[in-house]
Amino acid sequence: MNRLAQTALLFLLGATLLHAGTTDLYLRYVKEGLRPLVLLAGVVLIVTAAATLWYDRRGASTHDGGTPVHDHHREPRVSWLLTLPVLALILVAPPALGSYSATHTGTALTKPFGFPALPTGDAPLHLAVVDYAGRAIYDDGRALRDRELKITGFVTLDREGAPYLVRMGLNCCAADAQPVKIALTGNVPPVLRPDTWLEITGTYTPRRTKDPVNDGPIPYLEVTTARPVPTPHDPYDETWNT
Amino acid sequence: MPSRTTGGTGPVAITKTAPQDGAERGDADGGGAEPGDTAPDGREQEEARHLNSPLLLTLLLLTAVMFQDPIRGALAAPVMQSWMTVFVAVMVQALPFLVLGVLLSAAIAVFVPPSFFARALPKHPALAVPVAGAAGAVLPGCECASVPVAGALVRRGVTPAAALAFLLSAPAINPIVLTATAVAFPGNPGMVLARFVASLLVACSMGWLWHRLGRTDWLRPPARASYEGQSKGAAFWGSVRHDVTHAGGFLVVGAMAAATLKAVVPADWLGVAAGHPVLSVLFLAALAVLLSICSEADAFVAASLTQFSLTARLTFLVVGPMIDLKLFAMQAGTFGRAFALRFAPATFALAVVVSALTGTVLL
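Protein sequences appear in the order of chains G and F.
First residue of the first sequence: 1, per my numbering; consecutive thereafter.
First residue of the second sequence: 243, per my numbering; consecutive thereafter.
Hints are computed from structural coordinates only; laboratory data are not their basis.
Mixed in with the good hints there might be a few duds.
What the hints assert, rightly or not - The calculated label-pair distances, taken between Cβ atoms and stated as ranges, are:
hint: 1; chain 1: F; residue 1: V307; chain 2: G; residue 2: T203; range: 28 to 36 Å
hint: 2; chain 1: F; residue 1: D311; chain 2: G; residue 2: H19; range: 19 to 27 Å
hint: 3; chain 1: F; residue 1: V321; chain 2: G; residue 2: A162; range: 19 to 27 Å
hint: 4; chain 1: G; residue 1: L157; chain 2: F; residue 2: L435; range: 41 to 49 Å
hint: 5; chain 1: G; residue 1: P112; chain 2: F; residue 2: L369; range: 31 to 39 Å
hint: 6; chain 1: F; residue 1: A362; chain 2: G; residue 2: H19; range: 38 to 46 Å
hint: 7; chain 1: F; residue 1: D311; chain 2: G; residue 2: E222; range: 40 to 48 Å
hint: 8; chain 1: G; residue 1: R193; chain 2: F; residue 2: V321; range: 15 to 23 Å
hint: 9; chain 1: F; residue 1: H366; chain 2: G; residue 2: R77; range: 35 to 43 Å
hint: 10; chain 1: G; residue 1: L25; chain 2: F; residue 2: A591; range: 37 to 45 Å
hint: 11; chain 1: F; residue 1: V307; chain 2: G; residue 2: E148; range: 44 to 52 Å
hint: 12; chain 1: G; residue 1: T209; chain 2: F; residue 2: P428; range: 25 to 33 Å
hint: 13; chain 1: F; residue 1: R361; chain 2: G; residue 2: P116; range: 36 to 44 Å
hint: 14; chain 1: F; residue 1: A318; chain 2: G; residue 2: H126; range: 54 to 62 Å
As the list claims (entries may be wrong) - Listed next, the stretches of chain G that the computed footprint assigns to chain F, with coverage defined by at least 3 CB atoms under 8 Å from CB atoms of chain F:
hint: 15; region: 38-48
hint: 16; region: 155-163
hint: 17; region: 182-192
C-beta atoms are modelled at their ideal positions from N, C-alpha and C, and glycine is treated no differently.
Hey, can you work out the whole structure from these sequences and the hints?
Spelled out as structure tokens, the structure:
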């Protein structure tokens with residue numbers, strides 16, 4: 001790959017990063033906090049491409065014929081591989097990790113540091129998946145009893161077809177994403193498609209099970225109603241471990 | 243675009259009319275009249291004759307756009323989607339750190355005179371190693387940033403032993419990574435200390451080992467053209483361009499390997515090895531190599547591997563930032579394959595032994 005092609009590729013790569021960083025696309029792959037770095041990297045790559053062209057032109061006009069760089073080794077052919085992430089992001093833009101990874105990874109529930117007081121009142125209580133699971137398992141659902149709960153996550157079916165409500169948690173990028181699962185019981189909709197996002201209204205139940213993958217604890221949730229909702233702005237839960 | 247004709251005549255004509263490209267090819271091929279004397283060079287010359295790379299790049303991108311529907315269809319299976327997501331995620335996450343590392347390494351290569359390192363580091367290599375190792379604590383980034391920086395240090399005349407100690411210690415003992423470790427293991431503050439001690443120990447030992455046994459001919463001679471005769475700006479951006487495309491290509495190799503593992507290997511294999519004390523250490527060490535997780539995130543993954551002992555998880559944290567698939571590919575690209583094939587296994591073995599010992603003493 002010669003200098004000109006490298007320059008074009010750097011520009012494309014930078015533009016792709018800028019595209020991902022200025023839309024919500026980047027949230028499918030990395031945590032929100034990395035956004036400034038992604039944008040900065042995109043800008044630097046584009047500046048590099050521009051600077052290369054500029055110095056080439058200047059070099060070509062002052063010294064006669066070509067730049068003074070004498071690359072004695074071949075320009076690396078491995079650079080061609082950089083077209084793959086560009087194509088993957090522009091053409092395919094793969095979705096955030098969903099039920100496939102969730103069924104293949106064990107629940108990553110760990111004991112929370114503490115249980116801050118929940119808002120009281122009769123209004124339905126909005127909880128994150130990890131919040132419900134943590135309180136149900138490690139606090140015996142003390143603050144959850146006799147409350148109407150609303151929890152949002154996506155549907156996953158295990159090998160026997162049992163339904164779970166899952167949210168993937170993220171520490172850095174999707175390569176380290178791990179699920180936290182809640183098993184569903186009660187008035188579960190008869191037909192559930194994996195990866196559908198649902199807002200479940202339900203109540204606490206002391207019933208528990210074990211994740212078949214890693215024997216991690218999974219609490220049950222007694223479903224009253226289930227409502228399909230659009231995929232949230234950030235498909236991953238970044239509230240834990242950050 | 244007219245250049246999309248599939249015949250051979252268009253490309254040839256364009257090759258001949260691109261003066262800049264012609265000049266560079268001429269340099270690289272040493273005249274370019276003969277069809278090459280060694281096999282790989284010959285192939286590249288052949289390519290140069292028929293297709294130049296900007297044109298090839300255009301063709302590649304346009305073909306991909308033309309066939310985007312079949313490509314999307316082929317990638318619709320859940321395994322493939324999950325693979326792609328992890329692959330893209332590793333790239334998007336690592337590229338900013340790679341770019342930062344490359345900027346820093348270009349700055350070292352262009353703006354810092356070699357005499358600076360001669361003054362900053364102790365004369366004797368055996369003393370320079372621990373100093374360089376401890377200096378790793380100030381590079382806040384993950385392992386993708388440290389490879390190009392270490393490469394620039396070697397080119398700047400820093401003794402390889404010291405540069406390698408820096409390469410190994412920087413991703414593991416910087417404040418960001420240690421803070422992440424403390425957050426991930428709230429109940430075990432000893433983990434932070436153990437990670438720091440074990441990583442620094444391995445880094446320095448590898449530096450000393452290289453000083454005793456290493457041979458310079460294993461290291462690829464500084465492949466880069468010297469930037470003398472160029473303005474500093476041209477040299478700086480030339481170095482950035484070269485390093486991003488070069489190290490970035492190897493990053494893609496590593497990201498593909500890591501995505502394959504994450505998408506294909508079932509997680510229930512984890513449970514099998516967890517029970518046995520020795521096996522669990524080796525298993526998590528191998529897992530750290532294969533998963534290639536960024537050193538800023540690996541502590542959280544280690545924290546979730548609750549079936550394993552603390553010593554086994556310490557091994558995961560010490561081995562991961564020093565050697566994994568992605569790093570191996572990048573090291574092979576920067577320092578040469580002969581180097582990486584010797585350095586990587588030695589680092590792995592030493593890291594496993596040191597972290598097992600540190601874990602037994604401290605945890």
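Checked hints:
| no. | hint | in the structure |
| --- | --- | --- |
| 1 | F:V307 - G:T203: 28 to 36 Å | 51 Å, violated |
| 2 | F:D311 - G:H19: 19 to 27 Å | 21 Å, holds |
| 3 | F:V321 - G:A162: 19 to 27 Å | 22 Å, holds |
| 4 | G:L157 - F:L435: 41 to 49 Å | 44 Å, holds |
| 5 | G:P112 - F:L369: 31 to 39 Å | 47 Å, violated |
| 6 | F:A362 - G:H19: 38 to 46 Å | 41 Å, holds |
| 7 | F:D311 - G:E222: 40 to 48 Å | 44 Å, holds |
| 8 | G:R193 - F:V321: 15 to 23 Å | 18 Å, holds |
| 9 | F:H366 - G:R77: 35 to 43 Å | 40 Å, holds |
| 10 | G:L25 - F:A591: 37 to 45 Å | 41 Å, holds |
| 11 | F:V307 - G:E148: 44 to 52 Å | 50 Å, holds |
| 12 | G:T209 - F:P428: 25 to 33 Å | 27 Å, holds |
| 13 | F:R361 - G:P116: 36 to 44 Å | 54 Å, violated |
| 14 | F:A318 - G:H126: 54 to 62 Å | 34 Å, violated |
| 15 | 38-48 | holds (count 6) |
| 16 | 155-163 | violated (count 0) |
| 17 | 182-192 | violated (count 0) |
In the structure shown, a violation is registered for the earlier hints numbered 1, 5, 13, 14, 16 and 17, in ascending order.
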